[in-house]
Amino acid sequence: MTDFTYTILIPLVPLAVFIFVGLTGHKMKPIVSGLIGTAGLAFAAVLAYITAFNYFWIGHTAGTGYTSIKAFEISWLHLTEHLTIKLGSLIDPISVMMLVVITTVSLMVHIYSIGYMKGERGYHRFFAFLSLFSFSMLGLVLATNIFQMYIFWELVGVSSFLLIGFYYEKPSAVAASKKAFIVTRFADLGFLIGILMLSFNTNTFDFQTLVSPTGPAITQAGGAAFMGLSVLSWSLIFIFMGGAGKSAMFPLHIWLPDAMEGPTPVSALIHAATMVVAGVYLVARLFPVYALGAPDALHVVAWVGGISSLFAAVIACTQTDIKRVLAYSTMSQIGYMMLALGVSGFGGHEGLGFMASNFHLFTHAMFKALLFLGAGAVIHAVHSNDMSGMGNLRKYLPVTHATFLIACITIAGIPPLSGFFSKDEILVAAFEGNKALFFIEYAVAGLTAFYMFRLYYSIFWGKETHYHHTPHEAPLVMTIPLMILAFGSIFAGFLPFHNLVTSDGLPFETPTEWSIAIPSVLIALLGIGVATFMYRKVTGVPDKIAGAFSHLYKWSYHKFYMDEVYLFVTKKVIFNLISRPVAWFDRHVVDGTMNGIAGITQFASVKIKGFQSGRVQQYAFVFVTGAIALVLIFVYLW
Amino acid sequence: MTGTIPLMYFLVISTLMFFIGIYGFLTRRNLITMLMSIELILNSVNINFVAFNKYLYPQHLSGHFFSLIVIAVAAAEAAVAIAIIINIYRNFKSIDVDKVDQMRY
Amino acid sequence: MNILSLFVLIPVLTIVGILFTKDYKQTRVVSAIGMGIQLVLAGLLIYLYLAERNAGNTAAMLFTYDTVWFPTLNIHYSVGVDGISVAMIGLTAIVVFAGIFASWMVTFLSREFFISLILLSSGVFGFFISLDLFTMFLFYEVAVIPMYLLIGIWGSGPKEYSAMKLTLMLMAGSALILVGLLGIYFNSAPGGGQLTWNIQQIARIQIPIQMQRFLFPFTFIGFGILGALFPFHTWSPDGHASAPTAVSMLHAGVLMKLGGYGAFRVAMYLMPEAAQEQAWIFIILTSISVVYGAFGAIWQKDLKYINAYSSVSHCGLVLFAVLMMNQTAMNGAVIQMISHGLMTALFFALIGMIYGRTHTRMINEMGGLMKVMPFLGVAWVIGGLASLGLPGLSGFVAEMTVFVGAFQHTDVFHRTVTILATSSIVVTAVYILRVVGALLFGPIKDDHFLQLDDAKWYERFSTITLIVSIAAIGLAPLWLSDMIGSSLVPMVEKITGMSIAGLF
Amino acid sequence: MSITDFLTMRHEVLLTILAILILIIDLNLKKEQKHYIIPIVLCLFMVHVIIGFLPAEGGVLFGGMYKTSALTMMMKNILNVGVMIILFQSNGWLRKPDNQEKMSEYFILLFSTLIGMYFMISSGDFLMFYLGLELATIPMAALAAYTHHQSRSAEAGIKLILSSALSSGILLFGLSLIYGTTGSIYFDKIGEVFTNSPLQILAFIFFFTGMAFKISLVPFHLWTADVYEGSPVNVTSYFSVISKGAASFIFVIILFTVFHSISYLWKDIVYLIAVSTMTVGNLFAMRQKNMKRFLAFSSIAQAGFILLGILGGNVLGMTSVIYFVLVYIFSNLGAFGVVAAISAATGKESMDDYDGLYATNPKLSLLMTLSMFSLAGIPPVAGFFGKFFLFTAAASGGYYWLVFIAVLNATVSLYYYLLVVKAMFINKNETPLAHFKSDFLTRVGLVSCMLGIFVLGFWSQIYEIINSLSIGITF
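Chains as they are written, first to last, in the numbering used here: chain A, 1 to 638; chain B, 639 to 743; chain C, 744 to 1247; chain D, 1248 to 1722.
These aren't lab readings, by the way, just hints derived from the structure by calculation.
There could be a bad hint or two in this list.
Have a look at the derived ranges for each label pair, beta carbon to beta carbon [to be verified]:
1) I578(A) / G1240(C): 46 to 56 Å
2) D1190(C) / V32(A): 31 to 41 Å
3) I578(A) / P1609(D): 48 to 58 Å
Going by beta-carbon spacing under 10 Å, a handful of chain D positions derived as facing chain B [to be verified]:
4) T1263
5) I1285
6) D1372
7) S1398
8) I1405
9) L1419
10) S1423
11) G1430
12) S1431
13) I1432
14) D1473
15) Y1511
16) F1701
17) F1705
From a predicted model like this one, the values you see are computed outputs, not experimental measurements.
Backbone N, C-alpha and C define an ideal beta-carbon position, used for all residues, glycine too.
Taking the hints into account, I'd like the entire structure generated from these sequences.
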């Protein structure tokens, strides 16, 4: 067995870069900080590839299953006699797979940003934050125990907060960053409670112990029940709440569209490829517990995923902001992954969904990053997010156009591009798992194809609108990443995932189910066709249709008014109905009482001053009365 | 012959004098009169001492001495008091006790 | 010379030194030197302590020194430290040191200012090293009183009112404490024999239960008032709002910790049975103040009020954890004391610095300060993140330990209040981000902010001292929590009445 | 009389001689030489104080009418020290022109009251006690009316003499009944036979009111404020510390020894009176603006605290009371000393005149602050220890709730003591009192107060000595 201790360097290098650039960045030339950051990430990426290679091929004898290796671990904090928080790195198929994904995309984004962020204030700050994020994300995937995961989970949230709010002088950006942080924080509360319950019942944080089929989680904690569900199910549902928050699952998704306020590379890295799939990773990480210990929790996962994917797809059809369309498509794709996990079983071919989900995670990272970076190139060219203000850009931005098209085809699931394979596996899994969800996914497949090509056409085709300066193709430093990613999204589909990343580590056979694949492809083509018909040339059709389904359109356009609901809850309920009364109560009731006591004392002291009338005879009277009173009390009453 | 008047009588008298004195002290407005009511009180005390001594504890004379001392002290007290009253009269042009209340509350 | 006595001696010497200074420049230098020595000494103490422990010294109290003071009442001057007090001493030294630099520019009656400040700190140090209830109480009051002058003379806003209110409420608290202490003393020898004020000796006997029932509320509430226990916390917002920077730092950072420390070192440790019986009442109160303080903070406009309310919430968490009465939670309580002490000191320091520049503390009048004073801005963000419990900073360690510990109780009541308390982390995030957004981000509201300069060297010094400590605890909490935890074992055993394995 | 007898009652004898000496010297001084009397008296009294400290075991004289012990001698010494300080502090005021020709009267009156207190403290029967009481009271009225051209002074005098006459009348009535029911006026005999028949309860209560008048306990305190305000400052300080102290001493002794048999009864009475005294005293003190009046009410409240020690009813109680009085003498004389110095220099006696005093007279303000803290019972100054031991004594009797009430009252008292501090340090004032330098002797008095305030607390020896002596007298 090869030694993987060096994997701890993969997160530590970006951390070092973050500290270095963060402290000294303002002194160096901007470009230098960019190069340092990129170099650091490149190093991490190389390490990640080495790790993957070692793990999957060198250190592994063919035929046997992949085991999880605890490469490194130190204790960080003792909590109870059983529970100790440890930090370390855990090497197993999914973590290695994630390492590759994160480092690759992150590296691409770093390179891309060198060009994209040129001339921005706080250039070095941007790269420092990117490194911080990479560090947190890598630490998250390498987590050996659920508490380490929670720690880096929080760090990821903060770096996302910092990056969304990068343009901190823009109120909308600040608002978006706050929203993102608070919503995910709320979800993390669930995560934390879940961890508390789980760890209390199993006396361990450690993943290897938790997921082992003979471990305490699966064998013991199932017992005690509350409201019909076992404690284990409850804790897993709570944990999933955290995952849903990070992965923008319905109804905790509202932060994701606003998060697009951040710089586009950030959206590509954090809000498309890596951080938002942390939820999927979390469920995958605990998958055996879900599958064997608490199937009902798994159903929750499945349905949340299914609903989110449909919900997001519908909204995506009507948005006009490029990045928001992509954001909703991200949400919908992650819904796919969740659903795949949700319908999957454990072991062998049962675990098809598990494999499919990770497969899709992988491919999706490629093409969604590509889409975002492409969109970034477009925005970079026309200085606008609004696709209604674009059109006919294909001749100005050839490279971008080409790569973007590839990405669209991929996400639409047209063979032989990677999206087709991963999505096909998911559909198969859904078909075997849950028919209802299966049909939902068919619909989503169609919608996906539709809105992606709606986006594609209205950017690169349609009427030529005049731009205040002629759009120009992005510099090489930006287009090269596009090409690399395009390459990835074309060929990623041919990776033998069913041999590498499976629920129980053992490879199994996945023959392509043409009976399911062909219809899905047809549906996708149908979606593309409709989009072509509606948006390739400028026609009145879209408006007519919009008019026909005016209500649906309006609701979809307003994102089903989710933001308004949240706004009501926070602004009206929390602020006005709780916080304000509390503040008032504190000032006027609690504090009032304290002041009241003082006031009463003062009042009394004024009232009794009459005794000191200055008349000696009254003094004498009081004197005598006092004496008599004492006598009466102590002779008779006492 | 003293046996003919029971102790009770003296006590009643002295108690009456005591409370008359207090009443006078509380009601009279003239400082001199208040002083006189003080004397009443002290004399009631003297009667008590003497009577107790005579009737209950004839073997000692402590009661008698006590009353003598009290008389002496009362004289001294009265002297000082009257001196101050004269001073009051100088300052207030009156010896009405109600006038003497410029310090209060 | 016992090392612990130095902690009281050095401040006194510093005060004497200040008496001979000519102007405010010399004064502040002398104070800085004195408190610097103090800080070094604290570091040395921690080192020596750990060395002793590693050398296998398992005595409950180390560096003890005991001499009889009032023989007839058996009052001793008796000092000694365990892991908890060592940690608190370290905290105090850091905060006082930072406070001296934060008040570098106090020119009006500077000698009097620094004298009172250092007198206060000496009281705090004395409190933490005392093993004798009498001296403990004496130092407690020494620590409380200078507050009046400090707020009344150098404060701002309705300072007379706030100073008087703070002093009187805290004194009312010490009234309760005094009754409790006297009761403990006169029941410290139920089997007959010599009465004693010594905590360790009293801990060995059991105070009659009916007396405990009577005395525990006095003692606990008495200390609780200083620990901002709901509903006796209202001195805190006004007091902090009016106090000068360094005083707010010391008061919220250190003085409020006396409450939590006394609450379990005296009230619960010496009267465990009553604590067991009555805990539920105070658990309710504390969990109220945790959430209540957080919600109260959301609505405030004045930075100092926001921080005061968040202090109410955080200190509420301390008492909450203490009442959970198991080792993990109490460990968390102590860490939370330290972490909150550093955080809130940092906040008050920054508020003072910002106020000194913008001359307003109203968040709705400020904005975009990150652009004009990046150092202070970043420091603020770090403090904020620590306060909302970001991993890698001290707040996270404390909160997680508390929550995990509190979750060890299985009954519905404890579960409910625990989850209630846990929910405060979200509310905290809300008000922290609200402030950060309104204060540092967004466009600049007022043009003359553009001329403002960033932190001076002494301000940076003060700030960095605190930030480094926060990060140090947040990154490597193990030594601290072990140091505290091992000292907690006997106390927890006494309180819970059952012997525990200990973690290590 | 033999030398031992002299040593036994040396305080009384010496002081009497001293008073007569002053009279003679005064007669032989010309008008412009009168002020020589001050140094002479100070030296003589210093000698007297020192002799007072000479060790001597107690004894009994006049067939038990006069008995003294190490404890009572120490009480007298404590009083001596207080008087010494007062004499120092009165220097500045006495040298004023209108006091020129009557300073010796001041000393004579002062000393005669002091003699009265001596006798009162070491009285063995009620006759001696009564004599001492009157001797301690009547000249005091003259002292109160000392500045005879001031109507307030005269008013103070008349109020004092009338009230005290009434109270001593009632006290005497009580004594007569005690005599009637027990057949004796000797303390030890009464102590054996005293029971709680209604008549004796009445007798006791009448006696009690007389004492309560001297210590100015509520509701027998009403004369206090007016008399304190009207009298010259130094006389006021004498009232508030010396005569109150002496009265509390004898009060403790009599309660502990004579009425030991009905302690369960008087403890309840004291409980009642203590609560009312502390509370009412504080409530009145809160609103006062005139410093003397303010201190008058504060001293009433302090008397309430003294009762807590008495409630202990044991050695602890006795010790704590004596110790507290000692501390209280220094703290209160510190405060009065400042008031006296300021009124001697500027004639100002209102709290508002103290605004911004720290700017001009930092030393005085500092002493004032320390005295205020000491009176309020704030560490590290001595007052804290005094109060703490009083509370300890009460708690030793199990009076936890009373202690609680008392400490709350202490908190209220802290409020008005802080008002003075606030006036001096915080309040802004365009025209604060001009800086002045008081004369040497006054400063000696002030400094000694300062020292006492600091030293007494930490120096546990003093407390231990008092304690060791107290064991003798109590049962």
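Structure-based check of all given hints:
In this structure the hint that I578(A) and G1240(C) lie 46 to 56 Å apart at CB is violated, the actual value being about 39 Å. Hint check: D1190(C) to V32(A), Cβ distance near 34 Å, so the stated range 31 to 41 Å holds. In this structure, I578(A) and P1609(D) meet the distance hint of 48 to 58 Å, their C-beta atoms being roughly 51 Å apart. About 16 Å separates the beta-carbon of T1263(D) from the nearest beta-carbon of chain B, more than 10 Å, and the hint is not met.
Evaluation of the I1285(D) hint against chain B yields a violated restraint, the C-beta minimum of about 25 Å exceeding 10 Å. Because the beta carbon of D1372(D) sits about 8 Å from the nearest beta carbon in chain B, less than 10 Å, this interface hint is met. With its C-beta approaching chain B no nearer than about 4 Å, S1398(D) sits inside the 10 Å limit, and its interface hint holds. Given hint, I1405(D) at the interface with chain B, holds; its Cβ is 5 Å from that chain's nearest Cβ, closer than 10 Å.
Checking L1419(D) against chain B by beta carbon gives a least distance of about 4 Å; that is within 10 Å, so the hint holds. Given the 10 Å rule on beta carbons, the hint for S1423(D) holds: about 4 Å separates it from the nearest Cβ of chain B. For G1430(D), the interface hint holds, the least distance from its beta-carbon to any beta-carbon of chain B being 4 Å, beneath 10 Å. Evaluation of the S1431(D) hint against chain B yields a held restraint, the C-beta minimum of about 7 Å falling below 10 Å.
Evaluation of the I1432(D) hint against chain B yields a held restraint, the C-beta minimum of about 5 Å falling below 10 Å. Restraint check, D1473(D) versus chain B: the minimum CB separation of about 4 Å is within 10 Å; hint holds. At about 27 Å, the closest approach between the beta carbon of Y1511(D) and any beta carbon in chain B exceeds 10 Å, and the interface hint on this residue is violated. The restraint placing F1701(D) at the interface with chain B is violated, with a minimum CB-CB distance near 35 Å, outside the 10 Å limit.
Taking 10 Å as the C-beta cut-off, the interface hint given for F1705(D) is violated, the closest approach to chain B being about 40 Å.
Violated hints for the displayed structure, listed by number in ascending order: 1, 4, 5, 15, 16 and 17.
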